[in-house]
Amino acid sequence: MVSFFRKIPRTIVVLVVLAAFGLARTPFENRLGEQLIEAKLVVPPPGMTVLDQMGQSALMATLGGLRPLVAGFLSLRGYENFSEKNWDELRQTYQVITALEPLEESHWVNAIWHLGINATANMELDRKLPGFERKRRFHNYAQQAIEFAEKGLEQIPDSVPIRKQLAEVYREKLKDWENAARVYGEMMEFDDAPQYAERFHGYFLAKVPGKEQEAYDYLKGLYDEGEHQHLPTLIFEIRRLEEELKIPYPRRIPEADPDANRARPQKPKPQALPGGIVIP
Amino acid sequence: MSQTTPSAFEPATKTVSPLSLRRVMVIASSSVTQLVRMKTFYFLLAFAAIIVVLMSLNPPTTPAGVLSTIKRISFGTMDVFAWLFAIVSTALLIPKDIEDRTLYTILSKPVRRIEYLIGKLLGVLWVIAVSLLVMYGVCALALWSRETLYIAEELEAMNADARYSAENVGAQIALIEQQGLRPELGIAVLASFLKAAVVASVTIFLSTFASSSLFSIIISVLVFIIGHAHTMATSFWLYQTDNSLFVQLLLKVVKIFIPNFQLYSFSHGIIQGEAVAYSLVWQMTGLTGVYLVVFLFLSLLVFIDKEF
Chain P
1 MVSFFRKIPR TIVVLVVLAA FGLARTPFEN RLGEQLIEAK LVVPPPGMTV LDQMGQSALM
61 ATLGGLRPLV AGFLSLRGYE NFSEKNWDEL RQTYQVITAL EPLEESHWVN AIWHLGINAT
121 ANMELDRKLP GFERKRRFHN YAQQAIEFAE KGLEQIPDSV PIRKQLAEVY REKLKDWENA
181 ARVYGEMMEF DDAPQYAERF HGYFLAKVPG KEQEAYDYLK GLYDEGEHQH LPTLIFEIRR
241 LEEELKIPYP RRIPEADPDA NRARPQKPKP QALPGGIVIP
Chain S
281 MSQTTPSAFE PATKTVSPLS LRRVMVIASS SVTQLVRMKT FYFLLAFAAI IVVLMSLNPP
341 TTPAGVLSTI KRISFGTMDV FAWLFAIVST ALLIPKDIED RTLYTILSKP VRRIEYLIGK
401 LLGVLWVIAV SLLVMYGVCA LALWSRETLY IAEELEAMNA DARYSAENVG AQIALIEQQG
461 LRPELGIAVL ASFLKAAVVA SVTIFLSTFA SSSLFSIIIS VLVFIIGHAH TMATSFWLYQ
521 TDNSLFVQLL LKVVKIFIPN FQLYSFSHGI IQGEAVAYSL VWQMTGLTGV YLVVFLFLSL
581 LVFIDKEF
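Going line by line, the protein sequences match chains P and S. For the first sequence, position 20 (counting from the first letter as 1) is numbered 20 according to our numbering, and the numbering increases by one without interruption. Each number in our numbering corresponds to the 1-based position in the second sequence with 280 added.
Treat the hints with care, since some could be wrong.
What the hints assert, rightly or not - List time: in silico SDA-like cross-link candidates among lysine to any residue, alpha-carbon distance up to 20 Å:
| no. | chain 1 | residue 1 | chain 2 | residue 2 |
| --- | --- | --- | --- | --- |
| 1 | P | Lys246 | P | Glu227 |
| 2 | P | Lys7 | S | Trp562 |
| 3 | P | Lys164 | P | Pro209 |
| 4 | S | Lys376 | S | Ile394 |
| 5 | P | Lys207 | P | His228 |
| 6 | P | Lys40 | S | Leu518 |
| 7 | S | Lys532 | P | Phe236 |
| 8 | P | Lys7 | S | Val582 |
| 9 | P | Lys151 | P | Pro209 |
| 10 | P | Lys40 | S | Val582 |
| 11 | P | Lys40 | S | Ile584 |
| 12 | S | Lys532 | P | Arg25 |
| 13 | S | Lys586 | P | Phe190 |
| 14 | P | Lys40 | S | Leu412 |
| 15 | S | Lys532 | S | Glu554 |
| 16 | P | Lys40 | S | Lys376 |
| 17 | P | Lys40 | S | Ile394 |
| 18 | P | Lys164 | S | Thr341 |
| 19 | S | Lys532 | P | Pro9 |
| 20 | S | Lys532 | P | Phe21 |
| 21 | P | Lys7 | S | Ile584 |
| 22 | P | Lys40 | S | Asp585 |
| 23 | P | Lys7 | S | Phe489 |
| 24 | S | Lys532 | P | Lys164 |
| 25 | P | Lys173 | P | Phe190 |
| 26 | P | Lys220 | P | Pro209 |
| 27 | S | Lys532 | P | Arg10 |
| 28 | S | Lys532 | P | Phe190 |
| 29 | P | Lys7 | S | Asp585 |
| 30 | P | Lys164 | S | Gly466 |
Source of the hints: derived by calculation from the structure; they are not laboratory data.
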């Protein structure tokens, strides 16, 4: 028997052992791979569309298992793009970074922040460009930030930081109150949402034409929750909506307008000049 | 009744045990000495230089963001050094023993070939483990110093501002601590070690039949890259060729013959701050053990009858 095995070429034995081991381990490895991805310990492979956009170096990094390392270095390049105000390159850099590490929340947040806040702010201030071009680019960058946010939320659906950054773009740059209210509304569903999300949802809803009644009912609901919600801005907004919606006085909230009782800044008393002259 | 006395010309009949741990350890320690004499630890200086450069960077982001960047780059570099070192050192050891004629001296003694192979592999793994621990030490020190600095700065700034409640301060500090030095990072180092161990076992198998160190190094790097690209290449190629049957078969063959190194990237999630699933870590450790046994067996199959 031993002599029979000795006659078989060693290469064939090696290949058979290798194949048998491969067949035995593949189902186990497949299951283990799925569990590792589920536990977010291993990054799933990038999507097909993203592969087309990747540069050669990033693609090689993905092939060679250097994804975290290359993503780290590219983040530094992203900061460089930011300091040079090279927004188009920054967008491309973050496309690759987020493709390499799609489950890293901070990459999505940074991309939205850079494009939605920094790039748009730069377009508001950059006097070297003609007005119409600055306006066009402003909207382009804001739109790109929104696209990043949408892709990020596809990857991390429960992300509060991505929503927080997106809401800031709608609120601060686009003045799109309806979408800002929508994003804050989504955010407050999560346990790690900031406390202000529920109030901000109401405040921005109140600014949307035609949604005043809905906003009033919502904010009034918050007010009725108790003392802890009786915050100056909340009271101010409710009072404003009461006026606007002509809510009958008996149904109005008892607190006075928080601004009404605020001590008005006193002008310094005019001092008498030499000779008893007083300047009013 | 005649009693025969052994003749002085008769060969000694003392049996050699099939596997002696002592002999294995002697070969392993000589491999460690060999690698140390090859000045392999000098690459740690390069790692230290990378850490120094990283520490001097000040990207415009939050403290947690800076810590995350430092962590990703330093652990990524550590991982690359570990597998690269595993390939190069393992590929060099056996050819060097042949070149120096040390192999003939060893194999002429009552040393089994499997003991020689295990000893060589253990020697490489020992050096990798020490290197990883040193690199982790450097990295931990860098992270800890930055983390302490950031926490002190944040506490000072937030306590000076009355707007921040104790809860706000606590949340901010927790955010920094999550990206700072945590005991779980040790598991990330273990992941790099396990990956390097499998790479070394594959390389030792390749070097048993390779004609040169260069061949072993190139093929090992290729195997490593293919092993990493398995999953991605499968879906990409099938997508490009519209699920061609030929491509499916070819990919299956590749998957069977080449280890799946993608699984060993589980350090990635740990570095990002994800919770460690210890059952999965144990499974990965067990899988690595099986890889080592199988590739040592394959190496033995080739090496056992090899004429030198």
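Status of the hints after comparison with the structure:
1. Of the supplied pair hints, the one linking lysine 246 of chain P and glutamate 227 of chain P is violated, its CA atoms being roughly 25 Å apart against a limit of 20 Å.
2. About 40 Å separates the Cα atoms of lysine 7 of chain P and tryptophan 562 of chain S, which puts this hinted pair outside 20 Å; it is violated.
3. For a cut-off of 20 Å, the pair hint linking lysine 164 of chain P to proline 209 of chain P is broken: about 23 Å separates their Cα positions.
4. For the proposed pair lysine 376 of chain S and isoleucine 394 of chain S, the alpha carbon gap of about 18 Å is at most 20 Å, so the pair holds.
5. About 23 Å separates the Cα atoms of lysine 207 of chain P and histidine 228 of chain P, which puts this hinted pair outside 20 Å; it is violated.
6. Taking the CA atoms of lysine 40 of chain P and leucine 518 of chain S, the gap is about 25 Å. The hint is violated against a cut of 20 Å.
7. As the CA atoms of lysine 532 of chain S and phenylalanine 236 of chain P are separated by approximately 67 Å, the hinted pair breaks the 20 Å bound.
8. Taking the CA atoms of lysine 7 of chain P and valine 582 of chain S, the gap is near 14 Å; set against the 20 Å cutoff, the hint holds.
9. For the proposed pair lysine 151 of chain P and proline 209 of chain P, the alpha carbon gap of about 29 Å is over 20 Å, so the pair is violated.
10. Restraint check: the Cα-Cα separation between lysine 40 of chain P and valine 582 of chain S comes to about 40 Å, which exceeds 20 Å; the hinted pair is violated.
11. At roughly 43 Å between alpha-carbon atoms, lysine 40 of chain P and isoleucine 584 of chain S are farther apart than 20 Å, so this suggested pair is violated.
12. Restraint check for lysine 532 of chain S and arginine 25 of chain P: the C-alpha separation of about 13 Å stays at or below 20 Å, so the hint holds.
13. A threshold of 20 Å between alpha carbons decides the hint, and for lysine 586 of chain S with phenylalanine 190 of chain P the separation of about 65 Å lies outside it, so the pair is violated.
14. Restraint check for lysine 40 of chain P and leucine 412 of chain S: not satisfied, since their Cα atoms lie roughly 24 Å apart, outside the 20 Å limit.
15. Distance restraint check for lysine 532 of chain S and glutamate 554 of chain S: the Cα-Cα separation of roughly 32 Å exceeds the 20 Å cut-off, and the hinted pair is therefore not satisfied.
16. For the proposed pair lysine 40 of chain P and lysine 376 of chain S, the alpha carbon gap of about 42 Å is over 20 Å, so the pair is violated.
17. A threshold of 20 Å between alpha carbons decides the hint, and for lysine 40 of chain P with isoleucine 394 of chain S the separation of about 39 Å lies outside it, so the pair is violated.
18. Taking the CA atoms of lysine 164 of chain P and threonine 341 of chain S, the gap is near 16 Å; set against the 20 Å cutoff, the hint holds.
19. Of the pairs offered as hints, the one joining lysine 532 of chain S and proline 9 of chain P is violated, with about 24 Å between alpha carbons and a cut-off of 20 Å exceeded.
20. For the suggested pair lysine 532 of chain S and phenylalanine 21 of chain P, the alpha carbons sit about 13 Å apart, so the restraint of at most 20 Å is met.
21. As the CA atoms of lysine 7 of chain P and isoleucine 584 of chain S are separated by approximately 15 Å, the hinted pair is consistent with the 20 Å bound.
22. Annotation: proposed proximity of lysine 40 of chain P to aspartate 585 of chain S is violated, straight-line Cα distance about 46 Å (limit 20 Å).
23. Restraint check for lysine 7 of chain P and phenylalanine 489 of chain S: the C-alpha separation of about 19 Å stays at or below 20 Å, so the hint holds.
24. For the given pair, lysine 532 of chain S sits about 44 Å from lysine 164 of chain P by alpha-carbon distance, which is inconsistent with the 20 Å threshold.
25. Pair hint lysine 173 of chain P plus phenylalanine 190 of chain P does not hold up; C-alpha atoms about 25 Å apart against a cutoff of 20 Å.
26. At most 20 Å may separate the alpha-carbon atoms for a hinted pair to count; lysine 220 of chain P and proline 209 of chain P meet this at roughly 18 Å.
27. In summary, the hint linking lysine 532 of chain S to arginine 10 of chain P is not supported, as the alpha carbons are separated by about 23 Å, beyond the 20 Å threshold.
28. Under the criterion of a C-alpha separation no larger than 20 Å, the hint pairing lysine 532 of chain S with phenylalanine 190 of chain P is inconsistent with the structure, at around 42 Å.
29. Our distance criterion of 20 Å between C-alpha atoms is met by lysine 7 of chain P and aspartate 585 of chain S, whose separation comes to about 13 Å.
30. At roughly 33 Å between alpha-carbon atoms, lysine 164 of chain P and glycine 466 of chain S are farther apart than 20 Å, so this suggested pair is violated.
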